[in-house]
Amino acid sequence: MKSDIEIAQEANIIPIMKVAETIGLSEDDVELYGKYKGKINLDVLEKNKNKEDGKLILVTAINPTPAGEGKSTVTVGLGEALCKLGKKAVIALREPSLGPVFGVKGGAAGGGYAQVVPMEDINLHFTGDMHAITSANNLLCAAIDNHIHQGNALNIDCRRIIFKRVLDMNDRALRNIVVALGGKINGFPREDGFTITVASEVMAILCLSTDLMDLKRRMGDIVIGYNLEGNPVYCRELHVEGAMAMLMKDAIKPNLVQTLENTPAIIHGGPFANIAHGCNSILATKMALKLGDYAVTEAGFGADLGAEKFFDIKCRYGGLKPSCVVIVATVRALKYNGGVKKEILSEANVDALKKGIVNLGGHIENIKKYGLPVVVALNKFITDKDEEINAIMEYCDSLGVKVSLSEVWAKGGEGGKDLAEKVIATIEGEKAEFKVLYDEKEPIKEKIETIACEIYGAKAVTFTSAAKKQIEELEKFDLDKLPICIAKTQYSFSDNPTLLGRPKDFEITVREVKISNGAGFIVALTGDIMTMPGLPKVPAANKMDIDSDGNIFGLF
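Residue numbering for the sequence shown follows numbering that gives the first Met the number 0, starting at 0 and increasing by one per position.
Any given hint could be a false lead.
The following label-pair restraints were derived from C-beta to C-beta distances [unchecked claim]:
#: 1; residue 1: Lys367; residue 2: Gly23; range: 47 to 53 Å
#: 2; residue 1: Val537; residue 2: Glu472; range: 21 to 27 Å
#: 3; residue 1: Met392; residue 2: Glu429; range: 39 to 45 Å
#: 4; residue 1: Gly23; residue 2: Asn185; range: 29 to 35 Å
#: 5; residue 1: Gly23; residue 2: Arg158; range: 50 to 56 Å
#: 6; residue 1: Asp385; residue 2: Lys17; range: 40 to 46 Å
#: 7; residue 1: Lys458; residue 2: Lys367; range: 17 to 23 Å
#: 8; residue 1: Ser464; residue 2: Asp438; range: 23 to 29 Å
#: 9; residue 1: Pro14; residue 2: Lys467; range: 55 to 61 Å
#: 10; residue 1: Thr463; residue 2: Met392; range: 41 to 47 Å
List time: in silico DSS-like cross-link candidates among lysine-lysine, alpha-carbon distance up to 30 Å [unchecked claim]:
#: 11; residue 1: Lys430; residue 2: Lys83
#: 12; residue 1: Lys430; residue 2: Lys87
#: 13; residue 1: Lys458; residue 2: Lys513
#: 14; residue 1: Lys542; residue 2: Lys34
#: 15; residue 1: Lys513; residue 2: Lys50
#: 16; residue 1: Lys353; residue 2: Lys421
#: 17; residue 1: Lys444; residue 2: Lys320
#: 18; residue 1: Lys421; residue 2: Lys320
#: 19; residue 1: Lys340; residue 2: Lys503
#: 20; residue 1: Lys475; residue 2: Lys320
#: 21; residue 1: Lys353; residue 2: Lys503
#: 22; residue 1: Lys410; residue 2: Lys86
#: 23; residue 1: Lys320; residue 2: Lys430
#: 24; residue 1: Lys341; residue 2: Lys503
#: 25; residue 1: Lys475; residue 2: Lys440
#: 26; residue 1: Lys17; residue 2: Lys248
#: 27; residue 1: Lys430; residue 2: Lys384
#: 28; residue 1: Lys48; residue 2: Lys320
#: 29; residue 1: Lys34; residue 2: Lys17
#: 30; residue 1: Lys480; residue 2: Lys368
#: 31; residue 1: Lys467; residue 2: Lys513
#: 32; residue 1: Lys368; residue 2: Lys503
#: 33; residue 1: Lys379; residue 2: Lys86
Derived from the structure by calculation, the hints contain no laboratory data.
By construction, the Cβ of each residue, glycine as well, lies at the ideal position given by its N, Cα and C atoms.
Turn these sequences into a full structure, and let the hints guide you.
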């Protein structure tokens with residue numbers, strides 16, 4: 000079997016302007032980044048403002064195994080399949096982060112014969128968006144320390160600076176550091192740390208902004224820390240929000256590429272779903288809705304994280320109304336949730352599958368709480384056994400939910416035709432009555448408890464003394480009337496990655512509450528979640544190489 004990169008390198012890729020023309024874009028609408036990549040100018044939304052939006056399809060998933068289960072692959076394949084059925088579809092995806100690319104999780108460009116290309120570019124530097132976000136973030140960090148060094152007119156408390164530096168790489172050694180050592184000339188020494196770029200508030204701002212001026216306003220609203228009187232200090236008080244927005248003037252424009260079958264794909268923004276809100280940009284999704292009859296997008300990790308945040312944060316701010324949700328499930332993930340070890344998931348085990356299938360049931364129930372119809376996409380692997388597939392089909396049928404065997408990894412759009420047909424039938428036959436889960440004006444604790452109890456299935460939420468104090472502080476400064484973004488393990492409904500399936504009678508512990516005021520949400524950290532991941536014992540980078548002709552090897 001060919002590797003993903005071998006398949007991508009053999010693709011019949013066409014000039015990006017030809018792809019752009021299929022969705023009504025002209026040369027004035029697209030800024031070319033070479034022959035096969037482009038950025039879409041924001042005035043495309045204004046030009047199409049009177050055009051009716053297409054139907055929004057969200058692809059999400061059950062709780063994954065550590066290896067991932069192919070949600071992006073199904074998203075790409077579904078978009079290709081819709082086009083094969085004669086529909087005008089546009090895919091909207093997140094940009095990959097270099098951290099997981101060189102770590103263990105991989106990229107976010109799909110796989111097999113359901114990929115977006117040029118795969119190497121997308122998974123590496125792409126159009127430079129990640130670098131722009133990193134630079135804008137670190138400009139603010141430099142301005143903070145410079146302000147303190149130059150006299151500290153704002154009386155910033157060096158012990159209470161909450162805005163951290165970022166790097167788009169898994170580097171655990173940078174989680175906690177000390178800066179400004181080496182004497183008076185280098186500033187005031189203080190504790191600091193790095194998070195990964197995709198967890199940066201600047202990334203979240205990019206993905207939730209509606210235009211460049213909205214982005215600049217949100218940059219100014221960032222709370223960088225507190226002064227010696229205990230009051231919040233905002234980025235705008237350092238007067239660098241304009242320079243930060245300037246660095247983002249190109250990054251705010253969504254990127255246009257294509258799939259292996261030349262289906263248009265808009266890729267823009269990439270916040271992690273376990274530590275951020277996990278969705279591509281509002282701008283990318285809105286463009287997909289204006290340029291296609293169907294917009295197929297995804298949210299990160301399982302539906303308890305990605306879909307919840309897609310609905311309660313992204314849809315709330317973007318005024319988006321999904322028409323259908325596709326939940327990706329796999330035989331091996333359900334067996335894993337039933338207690339089977341990762342190393343033996345290829346072995347038939349219907350009993351374990353039936354034990355773990357409650358995980359799928361929990362996600363289906365949750366999506367229906369948002370008033371949305373569901374289709375299950377069973378992403379097929381060559382190790383799947385017929386009796387296991389049949390067990391899942393029977394389970395979904397008992398819930399009255401359509402299920403489709405997806406073979407897009409092996410067959411591209413052709414392998415997703417049945418899924419596409421069932422999605423279309425669901426959209427046409429079941430009315431979506433979308434609603435968010437909670438009112439953002441409710442108290443912080445109540446909002447967190449609603450998510451934990453309604454979506455995760457927790458019986459209660461415990462707040463540490465530090466979290467309680469942080470909540471009181473946010474309420475004091477009227478920074479509490481915002482949606483919640485919970486940072487949690489992706490492997491379980493709970494905050495304990497070992498509690499698989501659909502755990503009951505567990506408690507969620509919120510250990511820290513932070514404000515992302517520019518992004519427009521409050522982050523509640525649970526469990527041992529890290530905002531700067533580390534590399535595994537054998538990083539994926541060890542298997543990657545390049546030859547003298549510039550050919551890349553080992554990139555998936």
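For lysine 444 and lysine 320, compute the direct alpha-carbon distance and say whether it is at most 30 Å. Given pair lysine 444, lysine 320 holds - Cα atoms ~27 Å apart, limit 30 Å.
Just tell me: holds or violated, for the beta carbon distance of lysine 367 and glycine 23 against 47 to 53 Å? For glycine 23 against lysine 367, whose Cβ atoms are near 35 Å apart, the range 47 to 53 Å is violated.
- prompt: Taking 30 Å as the top limit, are the C-alpha atoms of lysine 475 and lysine 440 close enough?
  reply: holds, 14 Å
Can the suggested window of 21 to 27 Å be confirmed for the beta-carbon pair valine 537 and glutamate 472?
violated, 43 Å
Under the criterion that the straight-line Cα-Cα distance not exceed 30 Å, is the pair lysine 48, lysine 320 satisfied? Cα-Cα ~16 Å, so holds.
Practice item. Starting from lysine 17, check that the Cα of lysine 248 is at most 30 Å away, please. Key: holds, 25 Å
**Message:** Hint check: lysine 475 vs lysine 320, CA-CA at most 30 Å. Holds or violated?
**Reply:** It is violated: about 33 Å lies between the C-alpha atoms, which goes past 30 Å.
ask   = Does lysine 458 pair with lysine 513 here, judged by a C-alpha cut-off of 30 Å?
value = Status holds; Cα separation ~23 Å.
- Given the range 55 to 61 Å, decide if the beta-carbon distance of proline 14 to lysine 467 lies inside it. holds, 57 Å
**Asked** Taken at face value, is the distance from the CA of lysine 50 to the CA of lysine 513 at most 30 Å?
**Response** violated, 39 Å
Query raised in the report: When you check the alpha-carbon spacing of lysine 368 and lysine 503, does it fall within 30 Å?
Result: OK: lysine 368 and lysine 503 at ~19 Å, within 30 Å.
30 Å limit on alpha-carbon distance, applied to hinted pair lysine 353 and lysine 503: holds, 17 Å
Of the hints listed earlier, those the structure fails to meet are numbers 1, 2, 3, 4, 15, 20, 27, in rising order.
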